[in-house]
Amino acid sequence: MSAPAVQFKQDATRLSADLRHRRIIQTAMGKYETVRDQRKAAFQNWEEARQLAAITKWEAINHLDAYLEQLVSKLESRGTKVHWATTARQARDTILGVLRAAKARVIVKSKAMTAEEIHLNQALEQAGFEVVESDLGEFIVQLREEPPYHIVFPAMHLTRDEIKEVFDRKLGDAPSNDPEQLTMVARRVLREKYLQADAGITGANFAIAETGMISITENEGNARLTSALPRVMITLIGIEKVLPRLEDLALFLPMLAAMGTGQTVTCYNTLYGGPRQPGEPDGPEEYHVVLLDNHRTSLLADPEQRDSLHCIRCGACLNVCPIFRNVGGHTYGTTYCGPIGAVITPNLRGLNEWQHLSYASSLCGACTETCPVKIDLHHHLLQNRRNGSRQKPSWWQKLAFKMFAPIATKPTLWSLVTKLGRFGQKLHGLVKGSYLDPAYAWTRTRELPPIARQTFKEWWRTRS
Amino acid sequence: MKITLFIPCFVDLMYPQVGVAMVRILETLGHTVVCPEGPACCGQPAFNTGYWEQSREVAIPVLESLKGAEVVVIASGSCGAMLKVFYPDLFAGTRYEAMARDLAPKCFEFSAFLVNKLGVTDLGARFPHKVTFHDGCHGLRELKNKRPPRELLAHVRAIELVEMDAAETCCGFGGTFSAKFPMISTAMGEVKCASALDTRAEYIVSCDSSCLMQIQGLLDRQRKPIKTIHLAEVLVHR
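Residue numbers (our numbering), protein chains in the order written: chain A, 387 to 850; chain B, -10 to 227.
Chain A with its partners taken away, still in its complex shape:
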């Protein structure tokens, strides 16, 4: 097993038996489901909206070359500097280069999963920059020196007491565990940082090819401050985030809000068209957009799983996934967790090392059913399994399935195995539930039903 697989198995085993963790996640998700369903019901026809979103994303992804060029030329026409980054390293180096050229020291960041993906914060800190997360949840997990737990709710695994504790320890200021008071503490700290910051780094939700605009949707106003106050603004965005037309946002913004957080629309929706233009009173002096590939083009080249680039990172598939709800976000050990993470991570970071994520699913399909852009998530998990076993088969599984084939297809062998099974079950009692038990994986927590005294096939033969 690969190192990430060992880590996944250990953490999953521990957390799935952690009843406190289970309760926290169930409570958080119970509320989410109620409001999400209310918002879905507000659409005239939710299924048609999904279909339209899937078609729009299909069009964007299947003509990505043209839409990206259109986006870039529009952005550049208003003075934005666009950088193409094929790899995570190129993206980090580009951003470090921009910051050094601007003689920046303090950086504020708004929420960006792409930044997590390229491990930007570590690179910035190693290069001597001070970087502060401005999204409240991200701010909390940054103080705890943890990655975000969920792509939309980074600190959903924490109780208010745990947040008070880290504020006390790291900021020396936590009057109580009251959410409002804790938020005011974060606000005081962050306001100072916005004023000190030389540069602001953001992610993005969509990029509009038609008008050359970057769309950022948020609830705290922190992305607006991150972009408006510092001299330099940098947006790091995956190339798959392009939408063809401005009017597409009329569908995608409410859809993202409904599925992400159960809101009608998110509180702040901003479109960024470039740096401060002549005569304008505010806005950054420089605006840089970094377009990140980082293996997205290898997904683009795969017609079977290309639709996984439709993802709008709403997190809805995580929220309904019974695996995610029992093992939590950190267990995945990767930037993108839950079903979408289990689909794309083996493709982005290596099938051999990450295929365990595709196996860690009962293939229940709740993810596919909920996905607003209709990504065929659970069938992609099956394809990853097939591709993984083709690339590097496990000899014992291959052998087991090879031996099973004649047993399952020859009635005489099947009868023999049935009889052997009955005999084996008599002996099974001696080792059941112990480490000597060949069925230990099952019997550790569950009873195994006995083989019937008369199987169906045996009964059928008595009739004919």
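DSSO-like cross-link-like pairs, simulated, lysine-lysine; straight-line CA separation at most 27 Å:
id : chain 1 : residue 1 : chain 2 : residue 2
1  : B       : Lys106    : B       : Lys(-9)
2  : A       : Lys818    : B       : Lys169
3  : A       : Lys805    : A       : Lys788
4  : B       : Lys(-9)   : A       : Lys796
5  : A       : Lys796    : B       : Lys56
6  : A       : Lys843    : B       : Lys216
7  : A       : Lys550    : A       : Lys417
8  : A       : Lys796    : A       : Lys843
9  : B       : Lys95     : B       : Lys(-9)
10 : B       : Lys169    : A       : Lys778
11 : B       : Lys216    : A       : Lys818
12 : A       : Lys812    : B       : Lys169
13 : B       : Lys135    : B       : Lys95
14 : A       : Lys788    : A       : Lys778
15 : B       : Lys119    : B       : Lys133
16 : A       : Lys805    : A       : Lys784
17 : B       : Lys106    : B       : Lys135
18 : B       : Lys133    : A       : Lys760
19 : B       : Lys(-9)   : B       : Lys56
20 : A       : Lys843    : B       : Lys56
21 : A       : Lys812    : B       : Lys216
22 : A       : Lys784    : A       : Lys796
23 : B       : Lys95     : A       : Lys843
24 : A       : Lys796    : B       : Lys95
25 : A       : Lys788    : B       : Lys169
26 : B       : Lys135    : A       : Lys426
27 : B       : Lys95     : B       : Lys106
28 : A       : Lys760    : A       : Lys426
29 : A       : Lys395    : B       : Lys169
30 : A       : Lys818    : B       : Lys213
31 : B       : Lys106    : A       : Lys843
32 : B       : Lys119    : B       : Lys213
33 : A       : Lys843    : B       : Lys(-9)
34 : B       : Lys133    : A       : Lys426
35 : B       : Lys(-9)   : B       : Lys133
36 : B       : Lys56     : A       : Lys788
37 : B       : Lys169    : A       : Lys784
38 : B       : Lys135    : A       : Lys417
39 : B       : Lys213    : A       : Lys812
40 : A       : Lys760    : B       : Lys135
In case anyone wonders, no lab produced these hints; they're calculated from the structure.
Chain B: place on chain A using the hints.
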């Protein structure tokens, strides 16, 4: 109608009463039931684990034994989905593709066959118990079988159906998943059982014995009072 009944491996070995109940119901409705002796498994374990070549070795004899069948009734939503939905994928690009595509529309999960194909909802059953229904994921999401089992239960005399909160949440079985990640599988099963127990039902009914094996296995170990039963067994009850 001549109905070919496909009995999956675990139903044959551990839940023969489910198959027997189906034969009785279909024969009572005046149909002829045949059951091919040969194939014991649909090939889903190898397919779901990624070993499609080994899966085909199991599935080809299934295809051959069902060739020429008028309709095929499968005693499980999960294996039903394998034959109806996944065989065309499994055999895509092979010389069996046409056979798989030909078979798919003839395949029915048992409850869907009764309601959608035969138009039967009342089998004259009587089951004086409070029950809750578990939607097996394959039946629910691959075969879109939400309605048929409930219509059948609605016509059972003296039964009380109470829906549980997590009716559509996976029980955690997932075939080889239950052995590869037993603790996640167990946690999922515990969530399911807790939701079923909240209804204070006496029975958890389902169209899938594999889900019920997972649920009953946990309930037995934890000595919980609720029992599991396949829909077909409820429908033969008088």
